[in-house]
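J.: Single-letter residue listing:
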Amino acid sequence: MHRAPDHSPAAAAAEHAALIVAFDAGDLAGREGDVAATLASTCPGCASLVADLALLRAATAALPARPRTRDYRLTDADAARLRPSAWRRLLRWLAAPRSPVRPLAGGLAALGIAGLLLTATPGFLGGSATSLTTTGAPAVAPGAAEGAAGAVAESALPGAVSGNAVPAPSAAPSTGPVTQVRPNVVAPVGPLASGAAVTSPALGVTPATPGVAAVPPPSPLAVALPAPTPPSGAGTLTGPAGTPMASAASSGFSANGGAASDSTTKAAPPEAAQGGRAAALPAPAQPAQQDRTVPILLSLALLAAGLGLFVVNRALRGRA
Amino acid sequence: MDDPRPRSPEDVSRAAGPDDATARRDQVLVERALDGDLGAFNQLVEAYQDLCHALVARMVPDPDQASDAVQEAFFSAYRNLRSYHGPSFRGWLTRIAINAAMDLQRARKRRPVTPYPELEDEGWQPPSGPDTDPEAIAATGERQRVLVAAMGAIAADQRAAIVLYDVEGYDYSEIAEMTGVSLGTVKSRIHRGRLALRDLLADRMELFRS
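Respectively, the protein sequence lines represent chains A and P. All residue numbers for the first sequence refer to this note's numbering, where the first residue is 1 and numbers rise by one. All residue numbers for the second sequence refer to this note's numbering, where the first residue is 1001 and numbers rise by one.
Simulated from the structure, these hints should not be mistaken for lab results. Hints should not be assumed to be uniformly reliable.
Among chain P residues calculated to face chain A with C-beta under 8 Å, some are [said to hold, decoys possible]:
#	residue
1	Phe1041
2	Val1045
3	His1053
4	Ala1054
5	Val1070
6	Gln1071
7	Tyr1078
8	Leu1147
9	His1191
10	Arg1194
11	Leu1197
12	Arg1198
13	Met1205
We put the CB at the ideal spot given by N, CA and C, even for glycine.
Let's have the full structure, built from the sequences with the hints guiding it.
T.: Okay, structure coming up:
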């Protein structure tokens, strides 16, 4: 609401007084200064005010201070009480304007948000190649499973197909990009299917360990059965010349990172051997969902830590 | 080549000009205090307690509260000595003292006390100056008495601005920095404070003219 300007004598006097006091302090210039100077020279009240202000200024400057009655030196007890404790130092660090608290808080919060976004992304943690199972072992995605099954089949093939001792092939066949599962090839292998557990003197393969040799001849299911933890050197097929014949299926590792063969021997359900593709299929979506809780919680913790640091810094600085 | 011997504040003072020497002496004492030497800090207290007391006593009407504010200022200075980064320990300490006085003024608004109790005491006389004329001494005393009373009656922020400008001699920008307000606010406080003083003393201005 618009207020009408006050033209009363009191308001005019107050306005003049404000002008004069500013003029007296030397804070007016230009037109306002000219107006104040004119007022001071023509208006008796204004001139009196200028004179009074000068007197008061001088008297104020000459005002004596009350004498000091106390000695302000600190005692040892004062010093001990005032010495900053670790807690106070931490608070000061948190409240300091140039401390790294804010960048740290921002970084933590950014990491948390990035983590949450990544975890919410459909392809995160196994969408493309592998995903963690509830046991922590990598579950094989369909594409990789085919390669894994192919690798298993490939490693079992030489002896299985010919029924003869095969010169030790290199590990390359087992690590090659076999993309098609051939369960029909694995099936007739019989005892030879598991390179890890079964050896045959006829094939020139020596038992790796008595324990492994004692495993009853497996059915074709053996390919998919969880392999016992092999001791060092177990499951190594040796050719006639004793050349180690690395077998992905027997060692549990392969040159392509181990994920495929490991999943084949450990994670695949036994009945999956009925069909090689099924053996390597990843678990349904539920385990993968469970796996996301850890990164989600971690991201949330980072975000909370960052926001908490920021809030504490702001609150303490506000108090300071 | 640098002299590895530790230098005393007096050595530093003698080696430089007055202001520079004081600043360097203060710096040496601050460093020693930071190393845990309470005596060094107390040397700083001795150097500046009169100044701080005079400043705060003009800003805080109640003498006990003024003393408390000064003590709190030195406590605060000791507690926050690590945050002092120069260049002037005096300026830094003055700022702390002003803040302590202003905090006390804000607290006093909540718990008002009788300002300047010495004004209630008829026997109190301001410290005598070189003038030995009893009549002049009495007039000076009366003038100071009424001025102190008027100062105690104006707003605390106006009083602080007037004391810092008219008594301590700081300029507008220094006061603005010390009190954390804008330059215009400082000017306004000083102008309004002076006008308020004049209004309060309008009937007693003869004392000042005589």
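J.: Look at each hint and say if it fits the structure.
T.: Results for each hint:
| no. | hint | verdict |
| --- | --- | --- |
| 1 | Phe1041 | 6 Å, holds |
| 2 | Val1045 | 5 Å, holds |
| 3 | His1053 | 4 Å, holds |
| 4 | Ala1054 | 4 Å, holds |
| 5 | Val1070 | 6 Å, holds |
| 6 | Gln1071 | 5 Å, holds |
| 7 | Tyr1078 | 5 Å, holds |
| 8 | Leu1147 | 5 Å, holds |
| 9 | His1191 | 5 Å, holds |
| 10 | Arg1194 | 6 Å, holds |
| 11 | Leu1197 | 5 Å, holds |
| 12 | Arg1198 | 5 Å, holds |
| 13 | Met1205 | 6 Å, holds |
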